[in-house]
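Please model the complete structure; the sequences and the hints are all you need to start from.
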Amino acid sequence: MTSARSDAAPAPALIAALLIALTLGVRAQTFGNPILGFDEQFYLLVGDRLLHGAVPYVDIFDRKPVGLFLLFAAIRRLRGDGALASQLVAAATVAFTSGLLYRLARRIALWPGALAAACAYPLWLNLTEGEGTQAELFVVLPVTLAALLTMRVHAHPRGLAATGAAAMLAIGLAIQLKYTALFEGLFFGLALLWAAHRAATPPARLAALALLWVASALAPTLAAVGYYAHLGQLDAFVFANFRSLAGRLPDPAAARALGLAAILAVLAPLAALVRLPPALSPDHRFA
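Note that the working numbering gives residue 279 to position 274 of the sequence shown, counting from 1, and the numbers run on in steps of one.
Calculated directly from the structure, the hints in this document are not laboratory data.
As the structure is a computational prediction, the values presented were derived from the model and not from experiment.
One should not assume that every hint holds.
Said to hold, decoys possible - Distance ranges between label pairs, derived from CB positions: (1) Phe188 to Ala213: 20 to 26 angstroms; (2) Pro274 to Gly237: 49 to 55 angstroms; (3) Ala26 to Leu269: 26 to 32 angstroms; (4) Leu89 to Arg210: 49 to 55 angstroms; (5) Leu250 to Leu195: 21 to 27 angstroms; (6) Leu254 to Gln34: 31 to 37 angstroms; (7) Gly231 to His57: 19 to 25 angstroms; (8) Ala234 to Leu269: 41 to 47 angstroms; (9) Leu115 to Ser249: 45 to 51 angstroms; (10) Ala258 to Ala59: 35 to 41 angstroms; (11) Ala59 to Leu263: 32 to 38 angstroms; (12) Ala212 to Gly85: 49 to 55 angstroms; (13) Ala79 to Leu115: 34 to 40 angstroms.
Beta carbons are placed, not taken as given, at the ideal position from N, Cα and C, and that holds for glycine.
Shown next as structure tokens:
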């Protein structure tokens, strides 16, 4: 937990400058490289084709949410080299996410520990094939924002309806970048309901809040569904995004085991540095 010593933290502008400099420093060597990974090339291609009238899932097939392609279409509208533009946007996203992680960590740690956690994010991305423009980079930003908002609800439940809706909308945007954000959304949704319960919210209002938060999380995906229904291409959308997953062949067991071992090896140094405080006040936790 924080203490009086945390008041000596550097100015936020200095922290931001350091995180920006670190992010640029560890990612600059990739700037302008168009072949960092086939995923990044494909996202940029679909974004470019979208600007020329192509419809994802109808003209070009993939299983990623349409929000990811809309993001790359927006990036493609920037002037200059598309690969460089996407990498600069990714770097800005990583730096901003690091800043949010610093704020999140400051709730349970002194500023040096919070800064170390924030710095670890851009550093460790380079160990997990995150030096380019992988979808996860853009997902972590709204998920981290949702975490901050959810923790704020636990600290100040008076504004839980609007703040909770904002948190779930952030999750909804993350889901439209990669569907796996659904699991973080389930956690934060339950944490919000628990915060409302702790605030002695009547059952009827609790149910209304639950509906509001679920609707906020589903809004971006429902908008995509509505658009494809309007085009008469709902079946193509449903097949690409959901039904086609059943047709994927699983990776061999040896490949999955090797991948898990690699993940554990990358995370082990971070896990070794974790020291949990004996207890956290409600202001510093999700439940």
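How the hints compare with the structure:
1. For Phe188 and Ala213, the hinted distance range of 20 to 26 angstroms is satisfied, since their beta carbons lie about 25 angstroms from each other.
2. A beta carbon spacing of about 52 angstroms between Pro274 and Gly237 agrees with the range 49 to 55 angstroms that was offered as a hint.
3. Distance hint for Ala26 and Leu269: a CB-CB separation of about 30 angstroms, consistent with the stated range 26 to 32 angstroms.
4. For the pair Leu89 and Arg210, the beta carbons lie near 50 angstroms from each other, so the given range of 49 to 55 angstroms is met.
5. Evaluation of the 21 to 27 angstroms hint for Leu250 and Leu195 yields a pass: the beta carbon distance comes to about 25 angstroms.
6. The hint said 31 to 37 angstroms for the Cβ distance between Leu254 and Gln34, and at roughly 35 angstroms that hint holds.
7. The given range of 19 to 25 angstroms is respected by Gly231 and His57, whose C-beta atoms sit roughly 23 angstroms from each other.
8. Remark: the range hint 41 to 47 angstroms for Ala234 to Leu269 is upheld by a beta-carbon distance near 43 angstroms.
9. Distance hint for Leu115 and Ser249: a CB-CB separation of about 48 angstroms, consistent with the stated range 45 to 51 angstroms.
10. Remark: the range hint 35 to 41 angstroms for Ala258 to Ala59 is upheld by a beta-carbon distance near 38 angstroms.
11. Under the hint 32 to 38 angstroms, the C-beta atoms of Ala59 and Leu263, about 36 angstroms apart, fit the expected range.
12. Take Ala212 and Gly85: their Cβ atoms lie about 51 angstroms apart, and the range 49 to 55 angstroms holds.
13. Range check, Ala79 to Leu115: about 38 angstroms between beta-carbon atoms, so the 34 to 40 angstroms window is met.
In summary, this structure violates none of the numbered hints.
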